[in-house]
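S.K.: Next come the chains, spelled out residue by residue.
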Amino acid sequence: MSSGDSPFSFEKLREIDFVTLFLIFILTIIGLMSIYSASYNYAVSSFIHSPFVKQLIWGFISLFFLLLLFVIKKTFLQELAYYLYFIGIILIIVPFFQSGHGTNTNRWIDLGFFQIQSSEYMKIILIITLAKYFSETRYQTDQFRYLIIPLILTLLTTGIVFMQPDLGTSIVYLAIFAGMLFASGAKLYHIFVISAPVITIIAAFHLTSFFIWGLLMGVIILLNHRNIFTMVATFMGNIIVGLITPLVWNGLKPYQQQRILTMFNANLDPQGAGYQVLQSQIAIGSGGFRGKGFLNGTQTHLRFLPEQHTDFIFSVVAEELGFVSVMLIFLVFLMLLIHWARQAYRVRDTFGSLLIVGASFAILIHIFINIGMTIGIMPVTGKPLPFFSYGGSFLMTCYGLIALILSGASEQIPAKYS
Amino acid sequence: MASTENRLSLGRLYTLIILFIVLFIILSVRLYNLQITNYPDFATEAVNNMYRRVEIPAPRGIMFDRYSEPLVYNTSHFDVVIYPYVIRGDSAVWNRLSLILEKSVPELKKNYDRNYINRYTATRIESNIDFKMLSHIQEFRSVLPGVDVVSRPARKIRQGIISGHLFGYTGEINRDNINRYSQQNYKPGDIIGVKGLEKQYEQALRGKAGLRYIKVNALGQDFGEDFSKTSQPIAGNDLYLTIDAELQEYCESLYDGLSGGLIMMDYTNGEILAFVSKPDINPEHFSGGISHELWSSVLQDTLKPLFNRLVQAQYPPGSTYKMVSALAAIEENIITPDLTFHCSGSYRLGNRTFMCWKKEGHGKTDLYGAIKGSCNVYFYNLIQRVGLNNWVNYSAFFEFGRPSGIDLPEEASGILPDEKYMDSRYGRNGWGKGNLLNLAIGQGEVLTTPLQLVRYTAAIASQGKLLTPHLVRSIYDRNQDKLIYLSFPEKKIEQVSPKSWQIIIEGMKRVVQSSDGTARSVNIAGLDIHGKTGTAQNPHGEDHAWFIGFSGNPRFPYSFVVLVENGGSGSGKAAPVAKKMLQFYMEKNL
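Read top to bottom, the protein sequences are chains P and L. Residue numbering for the first sequence is 21 to 438, as defined by the working numbering. Residue numbering for the second sequence is 767 to 1356, as defined by the working numbering.
To be clear, the hints were calculated from the coordinates, so they are not data collected in a lab. Glycine is no exception: its CB is placed at the ideal position from the N, C-alpha and C atoms. A hint or two may mislead.
[What the hints assert, rightly or not] Chain P regions said to be covered by chain L (calculated; three or more residues, Cβ under 8 Å):
no., segment
1, 202-214
2, 299-305
3, 350-361
4, 391-399
Next up, chain P with everything else stripped away, as it sits in the complex (with noise of 0.2 Å):
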């Protein structure tokens, strides 16, 4: 182990990947843009008070943020992984001790002149802490038992979160868990049993599918011929939790049930969520392939749109832009997605190339929930869109992220540091 006299590095500056930080910027830009657009009629006191104007001071912030992440030498994130862990933690619990917005959900934490979020902030240490582990040498990829403290970091997390209750955050974490354990190496086999309960909690709600999964999942475990009493425990562990499954369902908040069942059909509540959907539906459809222009559309303009500066602003971006920007912006999102992959593959580090796939996940996820919410193939979760949503928290995050990105492509010449 060894630390540098000081945990930051400003010769990292040199090395910082512009073509992130200029695809960045543009998706942000036009992401203020349909702030602006989606809060034109909102009733504010004075336009500094308007989200555009809040969202632009987020973005500089964000920005400093970044820089600020981005200088920190990768061996400090290191080092102090396991210790923001133990904050982030307490950070994510600490809201549940602080009721009383009138709401009885638990992610804020108010600090009086402002809130936090801090399940958004745990996204990136629970990036780094992942890194951290799977790139230590001890870490065997061909070893399950080196699976389990993972397992156990990313489960409590999601397990708060979930709690709070949050549901899209916690599919978010354990997205970043899928992302980073694959690239981390680890055997199919072993992605295939941790990941076989979640296949099995969905096919547990219909018996012919639960049936045809049970069946497929023994082939797969005899293929890969273990002692018998391991096979044995995967299966019959994954039967139980597909039995306890209905129970647990049951114990879901009903707004939580609702917004899963709607996903199925969009018209089963016209007034909630599903009349959310059929408004983002009609203004991302009315807008064609040329949109309706800027400060144009319909939908936004008279308010059918819900949330449309948070987590409908992709209807806004559909409705005013049309298909061919939506094209465009997708390209941008792919481009940069490709492209951290191929950092991911090219950096000499472990760590660097963990903390690239976890933040990438990170982001895809939430472009994936977000824009398939908004034209009805997920549920809704409410899952702002990178650079897009209005949000201070979120805004930085998203720049958080991009710094891990930006991070872990960097530091690559130790020859000329050495």
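Position chain L relative to chain P; hints supplied.
M.R.: Here is chain L on its own, set in the frame of chain P:
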């Protein structure tokens, strides 16, 4: 710090890239589906979203009388409507409405349920509110989001006239009966003609509603009206009736306290000048929804005020029908009018006795005398020579047993009992001469509507013109800006010679103009009145009184039928009504 070598393999890198691409393809396909494939649908929905469409009801066509005096026209009622998607379950709004409209919330909600179409369409919860309620609603507008007051044209009838059966009335289509009208583009809450001329001429009177487009946001707040999209309503077409408003009003007054009806018709063209059926309900009561109390009292009324006695009711025509057998006998050369029979006051057929109305008898009487005195015994003798088939044939010349084709809905056809009918009713041998004798004097199985009788009278007066009685002369077509004259078919009864007609007419003349005719009281100087009294036997109570007739004065070419239910004899009750009507019209028009 020790860190392992990068563990991300090339294979897994490609897997990740493929995963990213696949996820974005999924999103893109769905977006293509929404924004390109289904674009037209969503574009329409977005437009539907942004406008609240407010219907501007079309004024219904006006009904004018033959001198272009308005008979049925429009006034405004104010209705309270709500927009369901704004109100949703807001009980405070319902409670405020309940206070203002002085009706309980469940009552209002019942109306709401009845008229509900969809979340975005104004739904009427109360009709015809008074000025006080109207001003209250305007005053409390700010705390009544989604509540609106719309004015709607309602029907108004010329002062002094009711004529419920003539005009009919309008009613709202509700959710229960919308299926009947859905093909013609009606929706719940629309006004439609339910009875009478309002129903018969619905398509002409209806007009086309206009639409206002009011820009609204999701909260239902107005952003002003988009006038470029407004479509103005097109008023319905006006009807020009053949009715004479003053005569109609006067004739209605003659039935004060009576039930029955009368028709006065021009026997040169079939135009009806007066059409009164009593009792009836003022159509204004139905306009904008009849109150529950009134409706149930109407339904329970034993006098059946919803029953149009002139076209829906079927009565035995009584002695007014005697001209049919007389005509058959003469035309078929079975008798000459000079042939006499002796009336002793009754007639024996086998072991049954058939009475004449005059107990002391008419003595020796010829055909003229028999018509003039309405001698039953003469016709008992006559019909046995004529026979059922001739009687049926001559009845059929006047189209008894068939609807006349008047421009009113639900016309009854009456019953003309031919051999087939009698066989099916009584069995092949179950009927005989007794039945025939009854038919000769218009009793028994034969049933006619008053309308059929006036048509028959007109055919006699015009010596064989079988007209289609009608109430509307022309329709003002607003689109083409011209009057369209309606044509109604007329036929000529060719089988009867003028000589025969003249004999019958002479008989009817004597009824009124002889010093001993049964209707000598109706003799009005200058009108050359012909007539025939009749009594329709009524098993349920006092007999109904008939009087039919016409004026022989070519400047007064009118035939008429007068029915007074439970009026006893025709000469006693029906003839005086006819006389007053004729006198009134003579003074007005001659």
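S.K.: Each hint needs a verdict: does it hold in this structure or not?
M.R.: Now the hints, each set against the structure:
1. 202-214: n = 4 at 8 Å, threshold three: holds.
2. 299-305: Check passed, 6 qualifying residues.
3. 350-361: holds (count 6)
4. 391-399: Coverage by chain L holds here, the residue count being 5 at a Cβ distance below 8 Å.
In summary, the structure agrees with every hint in the numbered list given earlier.
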